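2 protein chains.
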Amino acid sequence: MSTPTLSLIPIPARVTPRPGAFALAASTPIEAPDALRAQAELLRDQLRPATGFPLRIVTNASGPRIALVLDEALARLGDEGYRLTASADAVAIAAARPAGLLHGTQTLRQLLPPAIFRRAVVPNVAWSVPGIEIEDAPRFSWRGSHLDVGRHFMPKTTVIKHIDLLALHKLNVFHWHLTEVGAWRKDSMVAPRTREASQRKFSGSPHAGFYTQDDVREVVRYAMDRGITVVPEIEMPGHALAAIAAYPELGNTKAQHEVQTYWGISEHVFGVGDNVLTFVENVLDEVLALFPSKFIHIGGDECPKREWKESPAAQARMKELGLRDEEELQSWFVTRIDTWLAKRGRRLIGWDEILEGGLAPGATVMSWRGENGGIAAAKAGHDVVMAPEKPTYFDHDQSEDQVVPIRGMNTLADVYAYEPVPKELNAAEAKHVLGAQGQLWTEYMPDPQRMEYMAWPRLSALSEVLWSPRETRDAANFAQRLETHLERLRILDVNFYRPRR
Amino acid sequence: MSTPTLSLIPIPARVTPRPGAFALAASTPIEAPDALRAQAELLRDQLRPATGFPLRIVTNASGPRIALVLDEALARLGDEGYRLTASADAVAIAAARPAGLLHGTQTLRQLLPPAIFRRAVVPNVAWSVPGIEIEDAPRFSWRGSHLDVGRHFMPKTTVIKHIDLLALHKLNVFHWHLTEVGAWRKDSMVAPRTREASQRKFSGSPHAGFYTQDDVREVVRYAMDRGITVVPEIEMPGHALAAIAAYPELGNTKAQHEVQTYWGISEHVFGVGDNVLTFVENVLDEVLALFPSKFIHIGGDECPKREWKESPAAQARMKELGLRDEEELQSWFVTRIDTWLAKRGRRLIGWDEILEGGLAPGATVMSWRGENGGIAAAKAGHDVVMAPEKPTYFDHDQSEDQVVPIRGMNTLADVYAYEPVPKELNAAEAKHVLGAQGQLWTEYMPDPQRMEYMAWPRLSALSEVLWSPRETRDAANFAQRLETHLERLRILDVNFYRPRR
Numbered sequence: 037m038s039t040p041t042l043s044l045i046p047i048p049a050r051v052t053p054r055p056g057a058f059a060l061a062a063s064t065p066i067e068a069p070d071a072l073r074a075q076a077e078l079l080r081d082q083l084r085p086a087t088g089f090p091l092r093i094v095t096n097a098s099g100p101r102i103a104l105v106l107d108e109a110l111a112r113l114g115d116e117g118y119r120l121t122a123s124a125d126a127v128a129i130a131a132a133r134p135a136g137l138l139h140g141t142q143t144l145r146q147l148l149p150p151a152i153f154r155r156a157v158v159p160n161v162a163w164s165v166p167g168i169e170i171e172d173a174p175r176f177s178w179r180g181s182h183l184d185v186g187r188h189f190m191p192k193t194t195v196i197k198h199i200d201l202l203a204l205h206k207l208n209v210f211h212w213h214l215t216e217v218g219a220w221r222k223d224s225m226v227a228p229r230t231r232e233a234s235q236r237k238f239s240g241s242p243h244a245g246f247y248t249q250d251d252v253r254e255v256v257r258y259a260m261d262r263g264i265t266v267v268p269e270i271e272m273p274g275h276a277l278a279a280i281a282a283y284p285e286l287g288n289t290k291a292q293h294e295v296q297t298y299w300g301i302s303e304h305v306f307g308v309g310d311n312v313l314t315f316v317e318n319v320l321d322e323v324l325a326l327f328p329s330k331f332i333h334i335g336g337d338e339c340p341k342r343e344w345k346e347s348p349a350a351q352a353r354m355k356e357l358g359l360r361d362e363e364e365l366q367s368w369f370v371t372r373i374d375t376w377l378a379k380r381g382r383r384l385i386g387w388d389e390i391l392e393g394g395l396a397p398g399a400t401v402m403s404w405r406g407e408n409g410g411i412a413a414a415k416a417g418h419d420v421v422m423a424p425e426k427p428t429y430f431d432h433d434q435s436e437d438q439v440v441p442i443r444g445m446n447t448l449a450d451v452y453a454y455e456p457v458p459k460e461l462n463a464a465e466a467k468h469v470l471g472a473q474g475q476l477w478t479e480y481m482p483d484p485q486r487m488e489y490m491a492w493p494r495l496s497a498l499s500e501v502l503w504s505p506r507e508t509r510d511a512a513n514f515a516q517r518l519e520t521h522l523e524r525l526r527i528l529d530v531n532f533y534r535p536r537r
Numbered sequence: 037m038s039t040p041t042l043s044l045i046p047i048p049a050r051v052t053p054r055p056g057a058f059a060l061a062a063s064t065p066i067e068a069p070d071a072l073r074a075q076a077e078l079l080r081d082q083l084r085p086a087t088g089f090p091l092r093i094v095t096n097a098s099g100p101r102i103a104l105v106l107d108e109a110l111a112r113l114g115d116e117g118y119r120l121t122a123s124a125d126a127v128a129i130a131a132a133r134p135a136g137l138l139h140g141t142q143t144l145r146q147l148l149p150p151a152i153f154r155r156a157v158v159p160n161v162a163w164s165v166p167g168i169e170i171e172d173a174p175r176f177s178w179r180g181s182h183l184d185v186g187r188h189f190m191p192k193t194t195v196i197k198h199i200d201l202l203a204l205h206k207l208n209v210f211h212w213h214l215t216e217v218g219a220w221r222k223d224s225m226v227a228p229r230t231r232e233a234s235q236r237k238f239s240g241s242p243h244a245g246f247y248t249q250d251d252v253r254e255v256v257r258y259a260m261d262r263g264i265t266v267v268p269e270i271e272m273p274g275h276a277l278a279a280i281a282a283y284p285e286l287g288n289t290k291a292q293h294e295v296q297t298y299w300g301i302s303e304h305v306f307g308v309g310d311n312v313l314t315f316v317e318n319v320l321d322e323v324l325a326l327f328p329s330k331f332i333h334i335g336g337d338e339c340p341k342r343e344w345k346e347s348p349a350a351q352a353r354m355k356e357l358g359l360r361d362e363e364e365l366q367s368w369f370v371t372r373i374d375t376w377l378a379k380r381g382r383r384l385i386g387w388d389e390i391l392e393g394g395l396a397p398g399a400t401v402m403s404w405r406g407e408n409g410g411i412a413a414a415k416a417g418h419d420v421v422m423a424p425e426k427p428t429y430f431d432h433d434q435s436e437d438q439v440v441p442i443r444g445m446n447t448l449a450d451v452y453a454y455e456p457v458p459k460e461l462n463a464a465e466a467k468h469v470l471g472a473q474g475q476l477w478t479e480y481m482p483d484p485q486r487m488e489y490m491a492w493p494r495l496s497a498l499s500e501v502l503w504s505p506r507e508t509r510d511a512a513n514f515a516q517r518l519e520t521h522l523e524r525l526r527i528l529d530v531n532f533y534r535p536r537r
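Read top to bottom, the protein sequences are chains A and B. Residue numbering for the first sequence follows the numbering used here, beginning at 37 and increasing consecutively. Residue numbering for the second sequence follows the numbering used here, beginning at 37 and increasing consecutively.
Bear in mind the hints are in silico, worked out from the structure with no lab data behind them. All figures in this text were calculated on a predicted structure; none of them were measured in a lab. One thing to keep in mind: the hints can contain errors.
Claimed, not checked - Take a look, some chain B residues computed to stay more than 10 Å from chain A by CB distance:
#: 1; residue: Pro90
#: 2; residue: Ala97
#: 3; residue: Thr193
#: 4; residue: Trp299
Claimed, not checked - Reference listing, derived: stretches of chain A covered by chain B, where coverage requires no fewer than 3 residues with Cβ under 8 Å from a Cβ of chain B:
#: 5; region: 151-158
#: 6; region: 165-177
Virtual Cβ for every residue (Gly too), placed ideally from N, Cα, C.
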């Protein structure tokens with residue numbers, strides 16, 4: 037077990053104190069082979085602003101140094117595991133894969149005084165790393181943070197800051213809930229202008245409400261360089277009103293709809309004609325070109341069936357395919373997309389409504405309406421990502437303050453106590469639980485400050501749930517480590533909620 | 037004259053096209069003597085994210101390179117002037133002082149494609165610098181941006197982004213309008229929690245509304261490293277209600293006041309007893325420790341005299357000092373502070389109300405109520421900084437949109453046409469005009485997005501007014517260059533106002 041004074045979050049799998057300490061100095065080089073140049077540069081960029089030390093990157097060094105080492109012997113720690121050893125002579129971060137080195141550098145940052153996170157030189161700090169040996173690897177491979185930028189737009193700068201914070205917490209999936217399909221077809225935008233009338237007076241601004249494709253590429257690459265996969269979500273067949281408003285022929289009726297100006301579920305969903313599938317596949321072509329992620333999130337949630345029940349075309353499609361009900365029609369729609377994605381080497385993931393009417397063969401389920409969807413999918417041999425409303429929906433209140441008009445509360449303690457593997461699963465089934473993620477639905481997060489207030493430190497707690505071995509979970513010890521960690525977040529100008537003691 | 041395709045803002049004093057072009061490549065080193073290591077690192081940090089090139093810093097290089105050179109022969113260009121030459125062999129930035137090199141690197145960034153401003157690698161871009169020789173130096177030494185964080189608090193991240201943008205525009209003064217004196221005495225805060233009741237529901241957050249002293253140090257150092265001086269403003273003897281509310285003995289009556297919850301001028305001002313001066317000097321001791329700036333802004337504006345007229349203590353003080361009226365009493369107060377600052381090697385600057393009752397001997401005047409204050413001060417041999425409401429108050433509307441409840445409009449064209457040297461001044465008097473600055477009073481800028489919308493591109497226009505020779509001013513040419521410049525700002529995620537054509 038770690039000594040509490042280390043204050044690492046997430047806590048590493050195995051920590052062994054060692055005598056001595058490493059003193060970072062102006063002369064300290066970073067030793068790394070050419071293959072690790074990018075990782076070494078990232079480490080230098082993280083340590084140089086506050087220390088002011090040049091941290092020259094060299095392939096061979098003598099004397100005290102920070103060393104980055106690729107070591108195939110550490111393959112037993114997996115693709116993301118690493119070993120960090122610190123003594124008076126050196127800090128060595130070793131891993132079988134670059135992803136492990138990135139996580140090791142985040143541990144190194146947290147081993148230094150919190151002032152390391154400042155963006156200009158802080159004089160008179162002893163930049164000392166305690167003597168230590170850490171062997172560390174994540175418990176789950178999907179450690180995610182979902183962010184909805186459709187309800188309230190979040191500027192690129194905010195997204196990049198969020199990605200930096202995910203990296204600090206060894207979270208590795210950024211589930212970017214972009215928006216309905218329709219928005220992709222206009223002006224190369226990948227998220228729509230805000231629908232908030234109150235924000236429209238800012239409309240002279242060219243980017244208050246959308247990212248260009250180049251912006252998306254920038255964010256995706258920025259995240260990738262930090263070990264984070266960006267999983268895009270493009271919703272279908274429900275939550276499609278924006279697309280249908282722009283292209284009425286994508287709907288089930290001839291009616292012309294207005295884009296919805298209130299939160300919630302629309303009755304108006306995609307039709308099931310070939311024209312719709314062609315449209316969706318064209319959109320997905322663009323998505324695949326922008327996002328290298330193996331997983332593509334197609335939404336699939338909250339798709340009312342009334343229009344399909346009343347549509348002659350939908351009913352004819354059901355008859356043609358021999359489908360018994362509209363749930364099976366939805367399943368057919370999702371299976372078409374699942375197959376299309378699989379042919380292109382990708383995997384479909386969707387909210388647990390995609391279970392209705394039969395799960396598409398390659399689909400992974402994101403379980404949000406409690407754990408049942410995840411349990412059913414895992415028992416059926418499908419991979420699942422746990423995202424249950426309780427306690428991973430961070431739009432819910434975190435205290436009795438009742439600032440959010442959403443029923444229920446997910447406290448920091450709830451999140452820290454959360455166990456992603458439901459007890460209903462046996463060991464073989466449990467392997468299908470890839471991990472979990474925290475959800476930031478932004479209906480009631482009008483700006484970045486509010487988003488951060490809802491995200492942190494609940495995401496800090498979740499990062500430990502997802503990274504650290506279950507047996508290291510200790511709420512009192514976490515609370516103690518959190519004090520120092522909040523100082524890091526404060527220096528990083530994160531508008532976090534301060535839990536009451 | 038520059039060719040319009042260069043799109044440099046501010047436009048350099050002298051541009052000579054040269055044959056050829058420099059192609060930045062993965063092998064390009066930055067050559068710089070050890071004394072310029074910090075400047076070379078900053079340049080590398082600016083060019084590496086988008087190119088992905090390592091840009092090794094070396095003291096000797098052969099072959100194509102970027103070279104930073106200190107050259108005393110360029111002292112004729114002043115402390116901030118530089119020469120940039122680009123050919124197929126090298127880009128050389130030379131200056132007599134490091135400040136000049138910093139400005140030269142900003143020019144280099146603007147000579148590269150706008151994608152250079154992205155924060156992750158952009159593939160398939162030709163990172164080419166056109167063949168060119170530039171000799172450049174600023175017209176004015178005070179090229180400022182004022183930001184009020186008292187009316188609406190702006191997070192540290194926003195302030196740092198703003199400083200990056202000032203550096204890009206070769207602006208060199210950040211006038212940080214912190215708040216009233218009183219806030220300095222509580223909990224080591226240097227700006228108060230917001231007084232906005234509507235924001236108080238965020239009060240679980242530890243820093244939604246203040247900077248710690250370490251935050252201030254970080255911002256000051258960050259700015260300094262980029263050639264920008266942070267001038268703090270601490271208001272006295274008016275705009276002091278927050279202090280008086282906390283410490284009634286600093287006022288003129290025994291009344292207990294509440295902190296003001298509405299914008300505007302309070303009747304309640306500092307008393308003139310020794311206890312007040314001691315208090316103010318103690319606060320200024322802390323200010324000087326945090327801010328190395330030669331100039332310290334003490335406000336001095338909008339100080340109603342009613343309380344002094346009615347206060348026996350103030351009237352006794354006037355009699356004791358042989359002062360004729362309350363304006364002279366204010367002048368005595370400011371002179372005391374002026375003397376106190378001068379003894380410590382600093383200089384007092386204040387809004388033009390400090391002219392009333394006689395200007396303190398060492399005082400510099402910031403002329404905001406039109407130009408008359410500046411003209412009077414310059415004619416009296418005092419230095420002045422021009423900050424007239426028209427057109428440098430950027431809280432005023434910039435178009436007919438009328439989004440701000442403030443009378444009058446300051447358009448981009450108004451700002452670009454502004455001439456900081458009033459025609460009433462002869463050549464000798466004109467030398468007292470140090471420069472000018474744009475004001476961001478935040479009564480009606482509730483968040484960073486709105487602040488940026490009001491600041492840009494008006495600050496871009498002002499940067500050219502203040503840097504470039506008067507004879508290069510050409511509105512049509514500026515409008516043309518602005519198109520490319522707005523693309524830079526868009527990539528930098530600045531929420532600028534797009535002027536109509």
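Evaluation of the provided hints:
no., hint, result
1, Pro90, "6 Å, violated"
2, Ala97, "16 Å, holds"
3, Thr193, "4 Å, violated"
4, Trp299, "20 Å, holds"
5, 151-158, "holds (count 6)"
6, 165-177, "violated (count 0)"
Of the numbered hints stated above, those contradicted by the structure are hints 1, 3 and 6, listed in ascending order.
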